[in-house]
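**Q** Each chain, letter by letter, is given below.
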Amino acid sequence: MVNTADMLKLFAKHRGDAIVVSGRGGKHWINLSDTALDMPLGDPAMGGHCGFAFGLAMALPHRKIVLFDSEGDLQMSLGILMTIAEQKPDNFYHFMLDNECYATTGGQPVPNAKNVRYDQIALGAGYPRAFAFNELDGFSKALPEILGGKGPVFAAIKVKPEVENEAIGNRKKWRTRSQVQVVADLRKELQIA
Amino acid sequence: MNDTVTASTQHLSPETVLAQMKKHGVTHVVWLPDSETNWLYLLMQAEPSITLVAVPREGLAMSIASGLAAGGKKPLVLIQNTGLMESGDSLRGWLLGMEMPVVLMVGLRGWTRHGVTTDTAAVYTERFLNAFNINYYLVENDADASRIDVAFKEAEKNKRPVAILVGDEYHGFVSK
Chain A
1 MVNTADMLKL FAKHRGDAIV VSGRGGKHWI NLSDTALDMP LGDPAMGGHC GFAFGLAMAL
61 PHRKIVLFDS EGDLQMSLGI LMTIAEQKPD NFYHFMLDNE CYATTGGQPV PNAKNVRYDQ
121 IALGAGYPRA FAFNELDGFS KALPEILGGK GPVFAAIKVK PEVENEAIGN RKKWRTRSQV
181 QVVADLRKEL QIA
Chain B
1001 MNDTVTASTQ HLSPETVLAQ MKKHGVTHVV WLPDSETNWL YLLMQAEPSI TLVAVPREGL
1061 AMSIASGLAA GGKKPLVLIQ NTGLMESGDS LRGWLLGMEM PVVLMVGLRG WTRHGVTTDT
1121 AAVYTERFLN AFNINYYLVE NDADASRIDV AFKEAEKNKR PVAILVGDEY HGFVSK
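Those protein sequence lines, which keep their order, are chains A and B. With our numbering, the residue at position 10 of the first sequence is 10, and numbering never jumps. Basically our numbering = 1-based index in the second sequence + 1000.
These are computed hints drawn from the structure, not numbers from a lab. Hints are supplied without guarantee of correctness; some may be wrong.
Taking lysine-lysine pairs in the DSS-like style, the calculated list, with each CA pair at most 27 Å apart, reads [stated by the list, open to error]:
hint, chain 1, residue 1, chain 2, residue 2
1, A, K150, A, K13
2, B, K1157, B, K1023
3, A, K150, A, K173
4, A, K188, B, K1022
5, B, K1023, B, K1073
6, A, K158, A, K114
7, A, K88, B, K1153
8, A, K141, A, K88
9, A, K114, B, K1022
10, B, K1157, B, K1073
11, A, K188, B, K1153
12, A, K114, B, K1159
13, A, K188, B, K1157
14, A, K64, A, K150
15, B, K1023, B, K1159
16, A, K88, B, K1157
17, B, K1073, A, K150
18, B, K1023, A, K188
19, B, K1022, B, K1073
20, B, K1073, B, K1153
21, A, K158, A, K172
22, B, K1073, A, K64
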């Protein structure tokens, strides 16, 4: 299993000028980058990161959109894969962090946690390219190919669970901007009226 | 399709709705078909300025629309009231919470102006919207088209979703 922070450090070297919807990797990504092209949204509503990033990809076809989704989110909205595959946004790079559990609620396993082949589901839904990684080394070697080709592309990465048992109200707040501000900053940066 | 169609004063014609979409610059219709709005499909499909984005479950439409709006596009969500209720948390988080001015065009299944409403989908629709403090406008025929205009303007002004409840089922195009 991969350490999420290490994986994101590796990705950062290849990021270029991509817009990053950091999703479940947000609390680590914010330590690496928190510019107007970064979208640390926290968790507006579970299951929706993928739809949001996909919508952004359709709206901004000339910008690379990178999403760090999670398996818990994706299980909640699996049908989005068919919609994405139909629209074929060639600027959409869909990474999915699979820790096999609901880490923010205490680490309970997601349904069939250890036996789901998400890359196969993505391919079956119609994604033209999909990958699966258990170790950082394999991910590191494949990353240039993943980001160098056209989207939509899907990459499932097994990551170590970072289980939180603290009451939500007692957890450290890691976001520096509100969700509305994050969107406003992006629009200002890209000069979107 | 007959290209000499004209607006009906008895029904809500697809041309009227499409004209409102174009007037307000809708770029994407994120939708799941229903019996109240299926009359729009052929026209939307033929309209080059609109991209149709089909979803298999209505809640997905909310986050997609949020991303489109964040990127400067003008999405319209087109779903049935049953799907609206399924979408509650996504609507809360991705549209209301992020202050997205998205119009929700909602087929009002079960709506009966003069009869007893027995379909719980219709019974709970307005209560659902009220619970989320989302304003809504009932549109039943072409004479109500100005309410669509109001909904688009209100969404933009208040940076909130606004709903249009479509209280008319498919009846085909009205030819001269």
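**Q** State for each hint whether it applies.
**A** Consistency of the hints with the structure:
| no. | hint | in the structure |
| --- | --- | --- |
| 1 | A:K150 <-> A:K13 | holds (19 Å) |
| 2 | B:K1157 <-> B:K1023 | holds (16 Å) |
| 3 | A:K150 <-> A:K173 | violated (35 Å) |
| 4 | A:K188 <-> B:K1022 | holds (26 Å) |
| 5 | B:K1023 <-> B:K1073 | holds (14 Å) |
| 6 | A:K158 <-> A:K114 | holds (10 Å) |
| 7 | A:K88 <-> B:K1153 | violated (32 Å) |
| 8 | A:K141 <-> A:K88 | holds (25 Å) |
| 9 | A:K114 <-> B:K1022 | violated (48 Å) |
| 10 | B:K1157 <-> B:K1073 | holds (16 Å) |
| 11 | A:K188 <-> B:K1153 | holds (23 Å) |
| 12 | A:K114 <-> B:K1159 | violated (42 Å) |
| 13 | A:K188 <-> B:K1157 | holds (19 Å) |
| 14 | A:K64 <-> A:K150 | holds (10 Å) |
| 15 | B:K1023 <-> B:K1159 | holds (19 Å) |
| 16 | A:K88 <-> B:K1157 | violated (33 Å) |
| 17 | B:K1073 <-> A:K150 | holds (22 Å) |
| 18 | B:K1023 <-> A:K188 | holds (25 Å) |
| 19 | B:K1022 <-> B:K1073 | holds (13 Å) |
| 20 | B:K1073 <-> B:K1153 | holds (15 Å) |
| 21 | A:K158 <-> A:K172 | holds (25 Å) |
| 22 | B:K1073 <-> A:K64 | holds (17 Å) |
Hints 3, 7, 9, 12, 16 from the list above are not met by this structure, while the remaining hints are.
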